[in-house]
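Trainee: Chains as they are written, first to last, in our numbering: chain A, 6 to 227; chain B, 161 to 417; chain C, 3 to 271; chain D, 1235 to 1519.
Honestly, the hints are just simulated from the structure, not real lab data.
Glycine residues also receive a C-beta, built at the ideal position from the N, C-alpha and C atoms.
Any given hint might turn out to be false.
Claimed, not checked - Calculated from the model, a selection of chain A residues having no Cβ within reach of chain B, i.e. all distances over 10 Å:
1) Glu29
2) Arg73
3) Ser169
4) Gly171
5) Ser179
6) Arg197
Unchecked claim - Some chain B residues judged to face chain C by a derived CB distance under 7 Å, without partners named:
7) Gln314
8) Phe320
9) Asn324
10) Ser330
11) Leu350
12) Ser366
As the list claims (entries may be wrong) - Listed below are the simulated EDC-like cross-link pairs for lysine to aspartate or glutamate, each with C-alpha atoms no more than 16 Å apart in a straight line:
13) Lys69/A / Glu131/C
14) Lys1377/D / Glu257/B
15) Lys17/C / Asp1424/D
16) Lys17/C / Asp31/A
17) Lys17/C / Glu29/A
18) Lys199/B / Asp140/C
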Amino acid sequence: MKTKLPVTIAFLTGIFMAFAYFVERDNVAWVRILYEELNQNNIVLAVFVLFLGVGTLLIRHAKKIRDRNSDSIYSWVVIVSTLAVAYIGLFQTTGESIGANENFQWIFNNFQVPLSATMFSLLAFFVASAAYRAFRARNTEATLLLIAAAIVMIGRVPIGAVISDGLNLTGSFSLPAIAEWILDIPNTAAKRAITIGIGLGMTATAIKIIFGIERTYMGSGK
Amino acid sequence: MILNLIAPFNTTEGLGIWIAAFLTLCIFSFLYKDNPFYKFAEHLFVGVSSGYYISIYYWNTLKPNMIDELTKGFTALGKGDMQKAFGLDESGAVMAEPHLRMLVPLMLGIFILLIFISRKNAWLSRISFAWYIGVASGIAIPTAMSTRVLLQAQGSIRDFCSYNADCAVSAGLEPQVATTALWINAFLLLIGTLSALAYFFFSLPSKGALKVMNKVGIYFLMISFGASFGYTVMARISLLIGRLQFLFYDWLGITIS
Amino acid sequence: MIFNFLNLMFQIQVKEGTGPVFFVLVLFVAALFFFLDKARKGATFKIRKIAGLDAVNEAIGRATEMGKSILYTTGLETASHIATIASLTILSRVAKRAARYGTRLQVPSFDPIVMSLSQEIVRESYLEEGMVDSFKGDDIFYLTQEQFAYTAAVEGVLVREKPATVFLMGYFYAESLLLAETGNSIGAIQIAGTDAVTQLPFFIVSCDYTLIGEELYAASAYLSEDSNIISSLKAQDFGKALLWIFLLLGSIATFAGSTKFLSLLGASI
Amino acid sequence: MNIWDKLSSIDRRWIFLAMAIFVSWPVLKPLGLPVTTTKEVESLYSFIDEIEDKKPIILALDYGPSTAPELTPMAKAVIRHAISKGIPVVGVSLAPDAPGVANDIWKWAQEELGAVPGEDIAYLGYKAGTTNVILQMGQGISKAFPKDYYGNSTDDLPIMEGFQSLKDASLVLGLEATAIMDLWIQYAGDQMGVPVAGGMTAVSAPEAYVFYQSGQIVGLMGGMKGGAEYELLVGAPGNAVQGMDAQSLGHIVIIVFIIFGNLGFFLGKKGQDVSRLKSLRGDQK
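All chains should be modelled from the sequences, with the hints used to inform the complete structure.
Mentor: What follows is the structure, given as structure tokens:
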């Protein structure tokens, strides 16, 4: 029962949604209604998954505080900031939507934006050190990757045109043009093969989930 | 370049900018080495984003789609109008607003949260995951096959059609004059796609012709990864520029002449 | 012909233009079940050796020799993502070896469902190695669902715990380089595997070995010797071979002027 | 350790310092290097320019603060172009951390362009469940977004008159940092036949060329440069154009360090980089 029922549910919902793709839904009422209803439910289920996540997070940090773990001061930071922002977001929002909640917008602009944007911009420094450290032309493959990266990096920025004139590479041999060619031809060819491969992979996995062959998502591991 | 520290502490806007600048410098301090300021910002980030998502998910999805619908359903039930309670109109046809039909996702949602409460019947959450992933897989099958496989294959064949006058006309493409450059490109595109596709072929050992194609395939793959790397370097630097524009213009109030 | 049958049978109006997708899907499902049936009847299929997999075993051995831990992340996607499923399969193999050698295995998770899945999978691996009492549930933990908060937290673990071996298997976004670079700065052996095309260059540049796109799926099939995973790999290979031939012939025929292949693929001719 | 070995093992913090100096310098004192436009951005510009029937453009702001420097200039430039042509813009978001960023852009549009909320522009906020939301928008926009981000009901907004479903939009422009772009192409483009265009971070742009080349998207802006090009086409250079000088210098710094690294590798003691794992030594890595 514990595995039979979920597998049947995955089968029924999966087959119907795949079948609904082939149907002109506007003309067939029962398909359209059921299709919209299942869509609607998935949107709401995503919210419960989030609540599960935040719940486990808070429990884990509460455990750290209880065990007097050395970094428990930081666990306080997590718990207090989660509850504070959730309180402002959930309880200080009057009326129908969070858009009008000035405090929430202030928290977003002055905490969420700097923290996540700065984390991201660290990458500019890491890219530089990764490029320096790892970009060694050890073999033909690495050399190709290196040359293509350098041309695209130079070709796609204004200074590329300035350098090309300097080396009087003009017309379709200027750096911007070569960069464009690399993006249009070899990049497209390789990415098309990868996209096709992944498309087949995604389809196979989805089919196996629906027919109950692939059950990892249910935690049976087999 | 005029330097004036614009942000006084008393205005909420000014205080906000000082906090944002402080947090920005806390994260940048990781470049020197891991330190308490970075650890503080790291954990603050985990907390603030959790609180942020709970609020956004609640107001934008949970409340309008479930809570409002259920309250409308129960009020209708209170008035004894069974049909309206379950989102059916007078003739019994199913209406768009689900009302009490939202009890189904509510039940599935509670099953998910059971994982907290009791280890024993946590298995019920499998039903919700099965439903959620069943719907997602059902939608994915036909569209993944059509958009990622068929339309891509169509894209690579269509180039050859546009070089051939009558094929282009019947396929509704504007015929292109086949210059040698176009020929080389079309040929390279085909060779690149076929050899890269062969690289992901696992059933045969890579010997003989397949070995050659694997080699050519990995060359095309590496050039395309190089292009992506180059493009990504551009992206990272523009984000750093975004932060520096904030620090110099908004915080330090520098205006460039 | 089959469509008017469908129309008749169910009075369903088939959406025009979906013919080719329907035909290809039926073929693909048939291939999948054909290989599955043969695999279940004990037929063994050849999968070409994947260079990175010996590196996986050697990397685990290195962590054991140095008496340090292993950090395994299943990426930033949910359990319905193919890369996450493949990663969980590889996790179960890594967990078995970690259990056998008594090496600590830490799994910071991005998604709560994947976290509970990972806990079950690792517990089962410890069970199979008869080491279930040394299984520590707390080593498999959920962090946050925010991309950069997760990255910052994992970097904190890397810098503080200093694992000898790091596995980055699954779907990744821009944080891939942050993780790989931090792993590098602590001198860890890093093996990555992802079908996130945009992140492959970073893993290739900063990790010891990278499973490119579908090699991740093939690795999970190769490692798990699980008939249903191997059969789906064969079905995908079958699809690829068919498409390969179709692309070659199609290009030549279209070059010669026929529009047959384009219309077969559903282009409105 | 000779000069070449030193060259190939510089402490990464020197590299960080060099990056900080060379990227901050043009932000403080711009160099004014020329920006050239590319065909994929021009085709998007001409597509919007030739929209006759003035049906609204769906602007999908599916990105958060961490990619705002690349994508916000694109959003502002396209809104400026649409408002100048009298084409209304309806904003939606499928990424949870988008509403805050979108809210600032909408405030900017009202202050800078005098756009009237509810008539010229509207923002419907964020909803979880990417694919399901797009499909629901196909059935009815107010079905997916019963209320706009500021609490008024979607159907009452004047901008929504005669604009029931996603299928009626004259264009769906997805400003994306993740794979949500594929979903707009799969469902809005292929399934509903609405013209789709993309504004991508420079990271995801190369992958989207596949869809531009096969004609599934009508235009593509890639990274801050894409935003700078559209700012120039609209005749309103802003943050993106300003950032391009710093972009150029940043790239130069990286290329110089790649050259250092390779000089050190080839001229210093060889084989220093052979993989630490025996099993990989034979393999071409």
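Trainee: For each hint, tell me whether it holds in the structure or not.
Mentor: Here is how each hint holds up against the structure:
1. Glu29: holds (14 Å)
2. Arg73: holds (17 Å)
3. Ser169: Holds, since 16 Å exceeds 10 Å.
4. Gly171: Correct as stated: the minimum Cβ-Cβ distance to chain B is 20 Å, above 10 Å.
5. Ser179: Nearest chain B Cβ is 15 Å from Ser179/A, so the label holds.
6. Arg197: Arg197/A is in fact no farther than 10 Å from some Cβ atom of chain B, at 5 Å.
7. Gln314: The hint holds - Gln314/B has a Cβ within 7 Å of chain C, the shortest such distance being about 4 Å.
8. Phe320: Because about 4 Å separates Phe320/B from the closest Cβ in chain C, which is inside the 7 Å limit, the hint holds.
9. Asn324: Where the cut-off is 7 Å and the nearest Cβ of chain C is about 5 Å from Asn324/B, the hint holds.
10. Ser330: holds (5 Å)
11. Leu350: With Cβ-Cβ at 5 Å, under 7 Å, it holds.
12. Ser366: It holds, given that the least Cβ distance between Ser366/B and chain C is near 6 Å, below 7 Å.
13. Lys69/A / Glu131/C: Judged against 16 Å, a Cα distance of about 30 Å means the pair is violated.
14. Lys1377/D / Glu257/B: holds (9 Å)
15. Lys17/C / Asp1424/D: holds (13 Å)
16. Lys17/C / Asp31/A: Roughly 10 Å between the alpha carbons, so the hint for Lys17/C and Asp31/A holds.
17. Lys17/C / Glu29/A: Holds - the C-alpha atoms of Glu29/A and Lys17/C are around 5 Å apart, at most 16 Å.
18. Lys199/B / Asp140/C: violated (21 Å)
Figure legend: structure checked against the earlier numbered hints; hints not met, in rising order: 6, 13 and 18.
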